[in-house]
Each structure stands twice: as structure tokens, then as C-alpha cells.
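> Spelled out from the first residue to the last, the chains are:
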Amino acid sequence: MRVAVIAHGHPDFSKGGAEIAARDLWRGIDAHPGHQAWFIARAPHPMLHLGTAVCAIGEREFLVAGDAGIEQLSATVTLGDGSDFAAMLRAIDPDVVHFHHYLFLGVEMIRAVRRACPRARIVLTLHEYLAICRNVGQMVTTDGRLCHRYSPLACAQCFPDVSPEDVFLRERYVKAHFALVDTFIAPSRFLAERYVAWGLPATRIRVIENGVRELPRLPPRALASGEPHGRFAYFGQINPFKGVDLVLEAFASLPRALRRQASLDVFGSALANQPEPFRQRIAQLLATDPQAIHYHGPYEPEELPRLMQEIDWVVMGSVWWENSPLVIQEAHALGRPVLCPDIGGMAEKVEPGVGGFHYRARDARSLATLMQRLLTDPQVYTDIGARLPVPRPCAAIVDELLGLYAGERDDV
Amino acid sequence: MDTDRETQAMPRRMPRAALPRSEESVGGVRAHVESLLALDRCGGRVLVGWVFDPRGQLLCLDAVVADGGAPGDALHGAALVLWPLLDRHEGVRLLRTHRPDVRDALDPRREASGDEHGFVLYLPPSLDGAGLALRCRDGAATELPLPEQPAVEPQSLRHALAGCWPHAASALRELVAEGIGAGDIDAIVAELATTEFDARVTAMPLLLRDPPTTFASIDRVFVLGGAGLLVFGWHFESANRLVALYAEGADGRSADLAASVFSLPRQDVIDEFAAAIPGLAPDTGFLLHVPLPTRLGEWRALRFVFADGRESWLRLPTDAAQPHGVALIKQVLAEIPAPDRLRHRFGALFDLVGPALQSFHASCRTQPPAVQVQAFGSPVTDPRFSVIVPLYGRADFMRHQLVQFADDPDFLRADLIYVVDDPALLQPVLDMAANFHALLGLPLRVVWYGSNRGFAGANNVAAALARAPALLLLNSDVLPQQHGWLSCLDEALHGLPAAGMVAPLLQFADGSVQHAGMVPREDPFLPGFLMNAHPGKGMPWTGPDEPAEQPLLTAACVMLRRDDYLQAGGLDEGYIVGDFEDSDLCLALRKRGRRLWLVPRARLWHLERQSQNAGSSAWQRQLLTLFNAWRYRRRIETGVIADPRMEVPPCASR
Numbered sequence: 001m002r003v004a005v006i007a008h009g010h011p012d013f014s015k016g017g018a019e020i021a022a023r024d025l026w027r028g029i030d031a032h033p034g035h036q037a038w039f040i041a042r043a044p045h046p047m048l049h050l051g052t053a054v055c056a057i058g059e060r061e062f063l064v065a066g067d068a069g070i071e072q073l074s075a076t077v078t079l080g081d082g083s084d085f086a087a088m089l090r091a092i093d094p095d096v097v098h099f100h101h102y103l104f105l106g107v108e109m110i111r112a113v114r115r116a117c118p119r120a121r122i123v124l125t126l127h128e129y130l131a132i133c134r135n136v137g138q139m140v141t142t143d144g145r146l147c148h149r150y151s152p153l154a155c156a157q158c159f160p161d162v163s164p165e166d167v168f169l170r171e172r173y174v175k176a177h178f179a180l181v182d183t184f185i186a187p188s189r190f191l192a193e194r195y196v197a198w199g200l201p202a203t204r205i206r207v208i209e210n211g212v213r214e215l216p217r218l219p220p221r222a223l224a225s226g227e228p229h230g231r232f233a234y235f236g237q238i239n240p241f242k243g244v245d246l247v248l249e250a251f252a253s254l255p256r257a258l259r260r261q262a263s264l265d266v267f268g269s270a271l272a273n274q275p276e277p278f279r280q281r282i283a284q285l286l287a288t289d290p291q292a293i294h295y296h297g298p299y300e301p302e303e304l305p306r307l308m309q310e311i312d313w314v315v316m317g318s319v320w321w322e323n324s325p326l327v328i329q330e331a332h333a334l335g336r337p338v339l340c341p342d343i344g345g346m347a348e349k350v351e352p353g354v355g356g357f358h359y360r361a362r363d364a365r366s367l368a369t370l371m372q373r374l375l376t377d378p379q380v381y382t383d384i385g386a387r388l389p390v391p392r393p394c395a396a397i398v399d400e401l402l403g404l405y406a407g408e409r410d411d412v
Numbered sequence: 001m002d003t004d005r006e007t008q009a010m011p012r013r014m015p016r017a018a019l020p021r022s023e024e025s026v027g028g029v030r031a032h033v034e035s036l037l038a039l040d041r042c043g044g045r046v047l048v049g050w051v052f053d054p055r056g057q058l059l060c061l062d063a064v065v066a067d068g069g070a071p072g073d074a075l076h077g078a079a080l081v082l083w084p085l086l087d088r089h090e091g092v093r094l095l096r097t098h099r100p101d102v103r104d105a106l107d108p109r110r111e112a113s114g115d116e117h118g119f120v121l122y123l124p125p126s127l128d129g130a131g132l133a134l135r136c137r138d139g140a141a142t143e144l145p146l147p148e149q150p151a152v153e154p155q156s157l158r159h160a161l162a163g164c165w166p167h168a169a170s171a172l173r174e175l176v177a178e179g180i181g182a183g184d185i186d187a188i189v190a191e192l193a194t195t196e197f198d199a200r201v202t203a204m205p206l207l208l209r210d211p212p213t214t215f216a217s218i219d220r221v222f223v224l225g226g227a228g229l230l231v232f233g234w235h236f237e238s239a240n241r242l243v244a245l246y247a248e249g250a251d252g253r254s255a256d257l258a259a260s261v262f263s264l265p266r267q268d269v270i271d272e273f274a275a276a277i278p279g280l281a282p283d284t285g286f287l288l289h290v291p292l293p294t295r296l297g298e299w300r301a302l303r304f305v306f307a308d309g310r311e312s313w314l315r316l317p318t319d320a321a322q323p324h325g326v327a328l329i330k331q332v333l334a335e336i337p338a339p340d341r342l343r344h345r346f347g348a349l350f351d352l353v354g355p356a357l358q359s360f361h362a363s364c365r366t367q368p369p370a371v372q373v374q375a376f377g378s379p380v381t382d383p384r385f386s387v388i389v390p391l392y393g394r395a396d397f398m399r400h401q402l403v404q405f406a407d408d409p410d411f412l413r414a415d416l417i418y419v420v421d422d423p424a425l426l427q428p429v430l431d432m433a434a435n436f437h438a439l440l441g442l443p444l445r446v447v448w449y450g451s452n453r454g455f456a457g458a459n460n461v462a463a464a465l466a467r468a469p470a471l472l473l474l475n476s477d478v479l480p481q482q483h484g485w486l487s488c489l490d491e492a493l494h495g496l497p498a499a500g501m502v503a504p505l506l507q508f509a510d511g512s513v514q515h516a517g518m519v520p521r522e523d524p525f526l527p528g529f530l531m532n533a534h535p536g537k538g539m540p541w542t543g544p545d546e547p548a549e550q551p552l553l554t555a556a557c558v559m560l561r562r563d564d565y566l567q568a569g570g571l572d573e574g575y576i577v578g579d580f581e582d583s584d585l586c587l588a589l590r591k592r593g594r595r596l597w598l599v600p601r602a603r604l605w606h607l608e609r610q611s612q613n614a615g616s617s618a619w620q621r622q623l624l625t626l627f628n629a630w631r632y633r634r635r636i637e638t639g640v641i642a643d644p645r646m647e648v649p650p651c652a653s654r
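Chains as they are written, first to last, in the working numbering: chain A, 1 to 412; chain B, 1 to 654.
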């Protein structure tokens, strides 16, 4: 089978979970005997050559130009029959085109694939909620409340310059292109439900987790005598949606005596890109207890086993729903339980008492109470360590997808 | 003094004693010579006066000269010869002029036709010393007394001519244009015509605060060319009483404005004068229509005539920069003060200004558009429907429609035409057409003509280019909900009894009804107008799927035969910007016995925008709508189109 995997970014230049999952999929399929895969990653226009929208950067590895914004999700390169993109696709001649995301690429790319490769099966893996929500696809209102349902009227309240009719037009436009997709893949049930509520036919959505690379299951961290499992750590980007500030606040509010037995380590990237007031707030929170709170800066994925060896709990603070955060699978694979908000994809992926524990989303007090309980009850860690799930490895996901590619189409 | 009579007039010899001197002839003809100017250097005389001849008794004006006679003749030395004065004969010029003042004085009931009672007469030097006589059909003649007037120097000639201004102005200008003599006099009169009169008008005020006569102001004058002028201003009298109001022009033409004034509330005038002048009426403002055809820069004046015989003149400035076409009409409407206080009088307002606006609007549309067409893809052979979508204001609706059309098999038989009715959109539309044609493979044509012709004009241009027997008129903000809607409408058009036009159910984005047929409605808030109502608008659709006959349909999405469309003359472009032209077309079809059907099985979304009725110029837009509504009502009442209130007899069979 010939599979083209199209991603909205290349992990060499943009380290998002979706980009990494897409490349893992490409490599996973290509490693299979009897299958060939191509990786086509979108890149900003200046990274491309003059006069062409495509660029081969390796064997079966391409960049394609594009800068489709959130507002319209509309392609910025020509995609018609005579376009570079169509010529590239015809040269690959895929049996399956698997999109990871549509942001930056533009939804018209789905149409271009349908025209250039009329027989190819089109698969689209959904990440967050950009087709549904203009507010960075987070389904959080612009004034910060969690949003439960798409509605043109409500969306226009979030964006006063946008009329409900324009919201509706965007919906119809995206759906006109989504109608050409044979199978959607949702990495979480929660995300699948949100897209079905928005109007995607449930029969065309399959819930399949993103693959996670092979990681060693670590033993619990060795404790000093009398020491609790009190090392909390945050891994991931530092931005307002991820709620690091909430985690810091919760930890800082613990009684001093407890904090002396515990620590909070922050491994985070992208802080420098954040607006000044947010950076200041993070800096102030980091400084509340320099003995117990440590900021380590960004990390490489390869470092993760070593970093997680030194900690007990992975803590998430996201103030939006999330989809299927990679860090949950990584933590579970490495044998570390996760503390996360009780909403969305996080709540789905962390079964309380099995994969970790929930606290009330957006509530630092609730997290602090949870931390306090974990610090004072040593039995909890022992119990959960025995139950931690083992995420499905990449290879298993690839096998499942290959089966899906070869199977009957749902309702075309 | 008309031509056939002039040709009957022959020179006549008669005894001096037989010629009475009077300003009134035996035939009831009255005349008066007001000015006699002897031209000093070039010779000849100019006479300015009037002849009032209500019963058509006058045969001709004669020059009266002494006749030597033949020796032995009984009349020798005592005879006169009456020489008929014919324009352009023997160096004579005789020109008629408008004299509304004469008509007012002698013919207050307007029994005689017209007001061309005045004359300007040039007698060449060969007739120096001759008198002037009236000759009636019955042969009776009367000599007119002439004013004593010495030969004048150019300087006093100027005053003399100025004295008979303005009634002689046009005739004098004509004399100058053709030349009445040599050298100086031509130059003088030419100068007078171009400077003296203009100077008089220039010197006239725009604002008058003259308690014995009037307080008045000319605020804004709109020049509508052949349709005359629309004038905004205000006036009130503190002591005097206004008895007549005229518009005057340099050509001596005058218009009685008694029936052309629409009073307007002017709070600002009250605020300024109420303290000084108690009891001031609230409606001191006026909008008046001057029916005199007027070019930009041509001078016009308002003449107020008061009970005590006084007059006041105000200048009507016609040289201010003004926009063209529809923009001018919009400005006129925007100038109307406090329209919220006039609602009950809008009917009368448009009865006054509507015909002028209508005629002006028509005069702006005389140029046929230079249409350009670009085809994207090979045209569909033998198309079944031509889908026509005008684009105005925003272009992006086009791509939203195209992606919905792309996979509908009906579009394999569709001749798709986008009409750029907004020059600013041309490039984006062409780019989008190229892009989306390449992406979707859907053939289409883009039509443009470098101007904004409105909804009707845009559709008419495209209909002329349409290749299919059925037309589907479509707004750009209408999106199909499912495939097959075109065939559904097409089957209805050809299958339903007497169907002339069919329309789908249109729904807002939330699914509530936007259009399920329209009905005429007399709005109690706008007496005299016939508006359109959308029954069920905003409600969920609960009607049956079966087609239902309707009094009216909206052209946001309708299908009709191309032949019917063309035979009805297309959409009427006399409506401004876009309103009622679809109802008009519906009624034109109904007048031809066609029926209108709603076909609810075909469903589309119509994203009709709230913003259409928002913003600061809401009243201006509403007045434009009302102009169109006024025009619509008039066409119904004059039988040009069917009356939508008429019950349609049920179909004999289905």
C-alpha cells in the first residue's frame, strides 16, 4: 500500500504532538514490508524554493507551502489540476492520503487530493477543535469560560467583529471539504463527541489513540527514609492555556511544612514567546519558594526517561479541554501517574486511581488539596503504581491504521 | 403671431385717420411696449413688450410707415402702410418670450395656453421712425403707443436692458448669438447677457432677513438636469403674506411653484427665531421641485411674491459640486431633516419628488454597459439552467457557493454566471474564479462592466448572456442545503399549473424561515405604501412539502423561463439599488397569466444580514426603500403590473 501522510508542520521545525504523531506514523508504515509511505509536511512559504509550492527534502519526504489561518482555514497555495501540489500527489500516486490536521494546510487540500487521486482513501486525524472554534480551536470563550457547544450566535459573542452568518459560512465551508473525507480519526472519545455534536457523521469517526514511541517502564523513584512521594513535575509548553501558573499557585499554597518534604519541577518550553505580563506572573510564582520550586527550561524528548526517573507525579494544569495530550501517554509508559483537571481528553485518558487523579479544573485550591492528600498518604502511590496502564505502542497503532486503510469505507 | 398667420399677412395700405392708437385692439387683444432702445452706433431699435391674445385674434404685428402714395391718389400724403413684421425678413428679428407676470395679471385662471406672451423685437435702421400696430384677423388694426426714448449710449443701454430683465433675457441672448447689427451693439448685448444678468443672480442672496418681506434661506440645491432642481431651504414671513412663489431662469422661463412645495420641520430655525418671532410654525423648512430643466451652473432664482406687491429674489446656486447617479439621489434623501417626524407624509413627499428622482435616475442609465466576459473552463453544452449570481460588497460568498455547487450533478447542466456589480471586487472575483475553477473543475463565467448597476441591472446584463432556457436568479448569500435543488425547481417550473416562477424555501442559518413566499401588506405606520411581508419569517418551518401558490416571491432565489424574463423586460432598473424589482417582475408575470409557486422541497440557506438595517444612515436606506415602494405602488395603480392584492382564482386542476 502507498500511503501519503500530510502534516500541518514538520517536527524538525515545529515540535507539536500532531507533527510528531504524523512523522511516527510515516516511519511506522514505511518500516512495514510491503508498504511505502511518504511524509508531506507544511512549512511557511519562506522555507520553500522560489516558484514552487513543493520541495523534496529527503527520500519520500516533502515540504509543501501554506499558511492557512484559523479564521478561514483556507489554503494559501494553488491546488488546482495544474498545481505543484497536484503534480506531486500524482507522482506519489497514493492509495491512502492521511492528513494529520488541516490548520495551515487549508481544507481545500482535501479537495485537491480527491481530484488528483480520485481513488485514494482520505483519512483525517483531528487534533483539538479548530474547525469548530475560532478561538485557537480550544472551545474556550474569549473571556475565558469553558465552551460546551458550537453555535454561530454564541461564537459571534466571542468575536464581535464576526457575524453569526460568517461563523455559519465557515462551518459550511469546512464541512463541504470534510464531506470528501472517508474516515476521521479522533485520538480521544471526547474529541470525537465534540465533532459529532458539531455535525460530523458518527459513522465516519474512529477513535484511535496517537501512537507513542517505545519507552522503558521505570521503577518507582527510590525514597530516602521517611520521604513521601512528593516530587511533582510539569512537562510541556508554558502558555496560559496549559495552566502552569495554576500548578505553581497550588503548590505554593501548600503549608510550608509540607513543601519542605516536596518539590515542583517545571520542564517547559516557549516561555520566552509569551507576553510580558504572563512571563512576569510565572517568574513571580517560580520565586515564591526557591527551595522547592525549580525551573529547568526546555527539554528534548530523548531526555524524558531520565527526567521522569527523578520525579513521582506528572502534574497538568490545562484550562481547556485538551484532546489526547502526549505527556499522559509518555508518563504512563514510563510508569508515572498523572494529576490532571477533570475535563475533556485529560479526564478521559487518566482514569482516577488507575492512571492518576483528577482535580477540579481551573481550581488551584482543588489541586492543592489533592497534593496534600498524596503527600500525607503513602499507600496511594503504592496502589496506583501497580495499576498504571501501558499505552499502546506506535507499532500497534500503525497496524490498526493499516487495517483501517484496507477495510471497507464507511458510507461513501 | 404663429407661422400660418404670419404667412397670411400681407402689406396693407390704409388712411392715417383709420388707425386708432390704443393698447387694446377691437379684437380684445391687449399689448404693451415697455422699453424702446434706439441703438446709437449700429442703428435700429430694440422693443421689449407683451401681447395678450387669449382668443387667438391677432394676425400679426405690423410696422407702421408713412406712404407717399402716387400723385393723384386720394390718400396721397395721408396714408400709412402696415408692413407685417416677420422674423428674419428684411432684417427684422421677432422673438417670443415667457411672461408669467403677464399671465398672472391678465389670465389668473390659466385659460390661455402657455405664457409666451412676451416679445423682443429688433427693427433695422430701414424701419427707423416706423410705429408698431396690432392687426387682427378681422382686419381691424390698432397702433401701439411707443415709449419716448432717446437714442442711448452703451452705458445707458445697459441700464435699459437691465430694466427689462429677466423676461427678455433669452431673446436678447438669441439676438446676440445671431448678431443684430455690427460691432459695438453686439458686444454690449453679449456682455450684458453674460455679465449683467449673471451678476444680478450672483448678487442675489442665499439668505434673506428682511422683515417687510421674508426670512428665507436656500440651503441645498440638487441639479437633476432634465428633471429640474430639488431645493432645500426654509422661509417664513413675519408681517407680509406670501401669495406666489416662482422659479426664474435666464431664459425668461418661469415655473409656478405653488404645487411643488413640501414643508419640512426645521427645529434649528425655530431655535434661532422663536424668541424674536413668537408663534413661528414648526414647519418652516421646504423641499421644492423646480420643474425647469437645468444644467449644472445654469442660473436659477426663486421669486417670492407678497400680498403687498413686493417681491424678494433668492439665488438658487446650481454650481456646487455634487455626486452622480444613485449617489446624488442618496444625498437628496439624506438631506431630508427629521424623517422620523414625516412618516405619515412620506406618500406626499414622494408624490412631489418621486417623478423627478425617477426621471433623473432614468437619465443616468442611458449608456448601455460595456460588458466583458471571462469564461473559466469549457462551457456546458446545451445547459438546462443559467444560474446568475450578482456580486456586490463582498466577494467571498462566491467561494462558499462554489464549493457547495461542485459535487451537485445538476451543475453538469448549469450555465453558471457571476456578475461583478461592484468594480472593487473585480480582481478578487477573477482570482477566485481562476483558483476555484482549477480546484473544483466547475465551469463558470464572470461578467463585469466597470460600474454598479444594482440588482436588476446586474441580472439583466447576465440574462442577455444566458444560454439556458431557464434562469435561476440567486443572491450570493444563499447556500444550498442539499444537492438536486436545481432539478427540483426545474421540474416544478415545468410541471406546476401555469407556473411562471418558482422559488425554494429559504431558511436562516439557524433553520428558521427566511422566505416562504411573500404577501403584500399595507403598513399602518406608512400610509399609502404597499410593502412586502414574509409570513412565518423567523419561525420554524412547519408547512407541507407540497408546492403552494404565492402572491409574490423573493428573487433571492427564483427560477423562471428565460423567454418570460426577456418578454417582461427583465427586472425593472427604475428601482434604485435593489428593492421591489423582484415583486415587480412577479407581478409582470402575473399580469401575463403566470402563477408563482413556492417549492418547499428545495431548501437553501439565506444569510440575510442584520447589518442591512443598521448604522447611521438607516433613514437614508429606508427612504430609498420608500422611493422604490412609491414607484412600485404607482406601477400597480397605473396597471403596468398586476395588483398583488388581487385574489388569484384557484387552478382548474393540478
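Don't read these hints as lab results, they were simulated from the structure.
Treat the hints with care, as some may be off.
Quick look at which bits of chain B chain A covers, simulated, 3 or more residues with Cβ under 8 Å [what the hints assert, rightly or not]:
id, segment
1, 341-351
2, 430-439
Calculated from the model, a selection of chain A residues having no Cβ within reach of chain B, i.e. all distances over 12 Å [unchecked claim]:
id, residue
3, Cys-55
4, Glu-61
5, Glu-108
6, Leu-169
7, Gly-297
8, Glu-310
Since the structure is predicted, the reported quantities are computational estimates derived from the model, not experimental observations.
For glycine and all other residues, C-beta sits at the position ideal for the given N, C-alpha and C.
> Could you run down the list of hints and mark each one as holding or not?
Structure-based check of each hint:
1. Check on the segment 341-351 of chain B: 0 of its residues sit with their Cβ under 8 Å from a Cβ of chain A, so the three-residue criterion for coverage is violated.
2. Figure legend: the segment 430-439 of chain B, annotated as covered by chain A; annotation consistent (4 residues with Cβ-Cβ distances under 8 Å, at least 3 required).
3. Its beta-carbon lying about 21 Å from the closest one in chain B, Cys-55 of chain A satisfies the requirement of being farther than 12 Å from that chain.
4. For Glu-61 of chain A, the non-interface assignment is confirmed: its Cβ lies about 25 Å from the closest Cβ of chain B, beyond the 12 Å cut-off.
5. Its beta-carbon lying about 6 Å from the closest one in chain B, Glu-108 of chain A breaks the requirement of being farther than 12 Å from that chain.
6. Its closest Cβ contact with chain B, about 5 Å, brings Leu-169 of chain A to no more than 12 Å, contrary to its assignment away from the interface.
7. Gly-297 of chain A, annotated as away from the interface, keeps every beta carbon of chain B farther than 12 Å; the closest lies near 44 Å.
8. No beta-carbon of chain B is positioned within 12 Å of the beta-carbon of Glu-310 of chain A; the least distance is around 53 Å.
Figure legend: structure checked against the earlier numbered hints; hints not met, in rising order: 1, 5, 6.
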